[in-house]
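Engineer: Here is how the chains run, residue by residue.
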Amino acid sequence: MTLKKLGKLALMTVASISVAGGALAQEPNDPFRDPAIESLEGKWIAYLPISAGFDLAQAWGGVVKEESERYGMKFTVQDPNWSTDAMAQGMTSLIAEQPDVIVTQNPDTQSLARLMMQANRAGITVIQMNMQGAVQTDAYVGPDYIDMGRKIAERAIEQCGEGTDTSHKISIVQGVITGGVSYFQVQGIMDVLKDREDIEIVSSQAADWDASKARAITETVLQQHPDLCAVLDMWDGQAIGTGAAVKQAGLADSVTVITSGGGAGSTCDLIRDDTFDIVYNYDAPGMGRDAWTAIMIALQNGGGGNSKTQIFSPTHIMTKDNVDQASCWDAEIYASRLR
Amino acid sequence: MKLTGRLKNVSQEKIVFTITLVMFAVFALTLDGFIGTSNLLALLRSVAVLGILGLGMLIVVLGRGIDLSMVANMAISVAWTIQLVGTGMPLWAALAIGLGFALGMSLITGILVAFAEIPAIFATLAMGTFIYGFGRAHLITGTDVVYLPSNFGWASQIGQGRLLGIPIPIILAAILAAVVYLFLRFSKHGWNTYNIGDNTQASRITGIAVRPTIVLQYMLSGTAAYLAGLITATAVQSMNTRMVNSNMIYDVILIVVLGGVSLSGGRGSVRNVMVGTLLIGVLVNGMTIMDIQYTIQNVIKSLILLLAIVADSVINPRDEQTGQQGDI
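Chains A and B are the protein sequences, given in the same order. Numbering follows my numbering, with no gaps: position 241 of the first sequence is 1484. Numbering follows my numbering, with no gaps: position 228 of the second sequence is 239.
Do not take every clue at face value.
[Claimed, not checked] The calculated lysine to aspartate or glutamate pairs, modelled on DMTMM-like cross-linking and capped at a C-alpha distance of 25 Å, are:
{"#": "1", "chain 1": "A", "residue 1": "K1551", "chain 2": "A", "residue 2": "E1281"}
{"#": "2", "chain 1": "A", "residue 1": "K1490", "chain 2": "A", "residue 2": "D1512"}
{"#": "3", "chain 1": "A", "residue 1": "K1412", "chain 2": "B", "residue 2": "E128"}
{"#": "4", "chain 1": "B", "residue 1": "K312", "chain 2": "A", "residue 2": "D1451"}
{"#": "5", "chain 1": "A", "residue 1": "K1490", "chain 2": "B", "residue 2": "D43"}
{"#": "6", "chain 1": "A", "residue 1": "K1286", "chain 2": "A", "residue 2": "D1273"}
{"#": "7", "chain 1": "A", "residue 1": "K1437", "chain 2": "A", "residue 2": "D1512"}
{"#": "8", "chain 1": "A", "residue 1": "K1490", "chain 2": "A", "residue 2": "D1470"}
{"#": "9", "chain 1": "A", "residue 1": "K1551", "chain 2": "A", "residue 2": "E1340"}
{"#": "10", "chain 1": "A", "residue 1": "K1437", "chain 2": "B", "residue 2": "D209"}
{"#": "11", "chain 1": "A", "residue 1": "K1394", "chain 2": "A", "residue 2": "D1434"}
{"#": "12", "chain 1": "A", "residue 1": "K1394", "chain 2": "A", "residue 2": "D1351"}
{"#": "13", "chain 1": "A", "residue 1": "K1412", "chain 2": "B", "residue 2": "D302"}
{"#": "14", "chain 1": "B", "residue 1": "K312", "chain 2": "B", "residue 2": "D302"}
{"#": "15", "chain 1": "A", "residue 1": "K1563", "chain 2": "A", "residue 2": "E1340"}
{"#": "16", "chain 1": "A", "residue 1": "K1490", "chain 2": "B", "residue 2": "E128"}
{"#": "17", "chain 1": "A", "residue 1": "K1394", "chain 2": "A", "residue 2": "E1340"}
{"#": "18", "chain 1": "A", "residue 1": "K1563", "chain 2": "A", "residue 2": "D1387"}
No lab work stands behind these hints, which were simulated from the structure alone.
Construct the entire structure; sequences and hints are all you get.
Structural biologist: Written out as structure tokens, the structure is:
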């Protein structure tokens, strides 16, 4: 081996070590992570539910807040406390302040439609939770209410339809008529029931998401039709009044109370004590996760209404038989996370 | 001219009572199952809470005041009671604390009106917002609906129970109506309430303790609010503090005014409130049986109110004698 060759070898060794050393100093080799993290880091998520004081909004917000903080994002929450006006004002001022993402929930299909379009045009990503508005934005996150309504109607047919030893009478307690949750569920229900000769809808009234109103309506309906077979209520927070009326009329055994909700611990308790019979659970913390997914998808793909996705959250049926295996979450945990 | 002369003695109360009777007769004839005992009990049951709130409002309105903080006071004091029981406090202690809160808040309201001389409409409006805000920020910090825990014991019978087949809310409303009647008719403070409402200055000159009496009026309405809240909460096994945002307080004013109680004070009695409550009860019950949508129900309700007011102003036109200062 000549001196020249030896020198060459030494040079190559040094070079290869320095190359190896350079490679060691680099991040693990995932070329896709950095752009993803960059698209999230330092961004601002503004949360504007119709109220920050009820179990669903607390679960969604709690999950999104925790995830956003993990990635160094700013999370703010506004509480319009059930006032559509305050919500529209909040949305208007948010558009001026230019957050990167607005996560909101429509009080009805129309009130925020224009503002959401405006926000999208200003490059803000808009995620709609649970109550879909009249315009499509980056994502709608929530159960497929029309399908859920159909399923509920089929359940009602199973309980009260032809061939059952019942009066075949059902009553429907709507929420706010123009609110997405109620509007689309009722649409699905009527879809199935309109051609059914065997089912008689004896009452279909709105209780404005108010348990006391739902109680009064159902009490009167039960006076007129003590042989009622089932009541379909569009939300568990309101159905607690419906269920109480059924229970206090001593008809808990013969009247099936079917409702839907986010599956909070309070709902599980009400299934256990016979206030509710069948609950379609759309798992609010799961929806929070879906909302976070929607935010990630939107931000990594430009946001601002670039792509539009309907993210239908999974649902499952809860009855007394499986309630103990269900994940009945504690609203207080998410409420304190959101504070 | 002759007609109005003959109808001169027909008060608004009589007009409303007649409307109630006519509607009752129409519903009884046309709607199946309206006249049944159980439906009539359900009818009364559905307006018992409204009636109790109306009785509290009556006392304040007779003293030429108004209490817009009633619904907030009722929601927060009862929600706090339920929450305290849920966290393990003995029932009686929680009930006492809740009542104490309701009384404390209405005491402050009374002092603001009587001693600071802030007009009742502003003082109670602000107090309502304060009670709700304070309650949601410091007392009911979690979910805005507080669910009734299973250890609420006998107290859950307040809204759910029956005595001799009659729902307890109806019995409580009847008892309260009797108590308020006796208070207004036979007690010194009751008389003074009318006097103060009729002419505050003259009452003061004649030596009536005007300010303490006004404070007492607000505390009585606070008590009525707490009772109404307990019935509401135990009937639906939860207290929804969101009701503060509803138009319930207007419904309370509606039944008071509808029955013929003058908002300018000094005129009206328990009977007026009962008539107003019955009208709303018959109307809402009948419309629910007819499966009329809630929004349409509101339209019909307000049309009937307008009808009653128009009838009253045609039959009893305002003039210098009947119109009072501060008449709204």
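Engineer: Hint by hint, say whether it matches the structure.
Structural biologist: Going through the hints against the structure:
no.	hint	verdict
1	A/K1551 x A/E1281	holds, 22 Å
2	A/K1490 x A/D1512	holds, 15 Å
3	A/K1412 x B/E128	violated, 58 Å
4	B/K312 x A/D1451	holds, 17 Å
5	A/K1490 x B/D43	holds, 24 Å
6	A/K1286 x A/D1273	holds, 22 Å
7	A/K1437 x A/D1512	violated, 34 Å
8	A/K1490 x A/D1470	holds, 14 Å
9	A/K1551 x A/E1340	holds, 23 Å
10	A/K1437 x B/D209	violated, 60 Å
11	A/K1394 x A/D1434	holds, 11 Å
12	A/K1394 x A/D1351	holds, 23 Å
13	A/K1412 x B/D302	holds, 14 Å
14	B/K312 x B/D302	holds, 15 Å
15	A/K1563 x A/E1340	violated, 48 Å
16	A/K1490 x B/E128	violated, 48 Å
17	A/K1394 x A/E1340	violated, 42 Å
18	A/K1563 x A/D1387	holds, 24 Å
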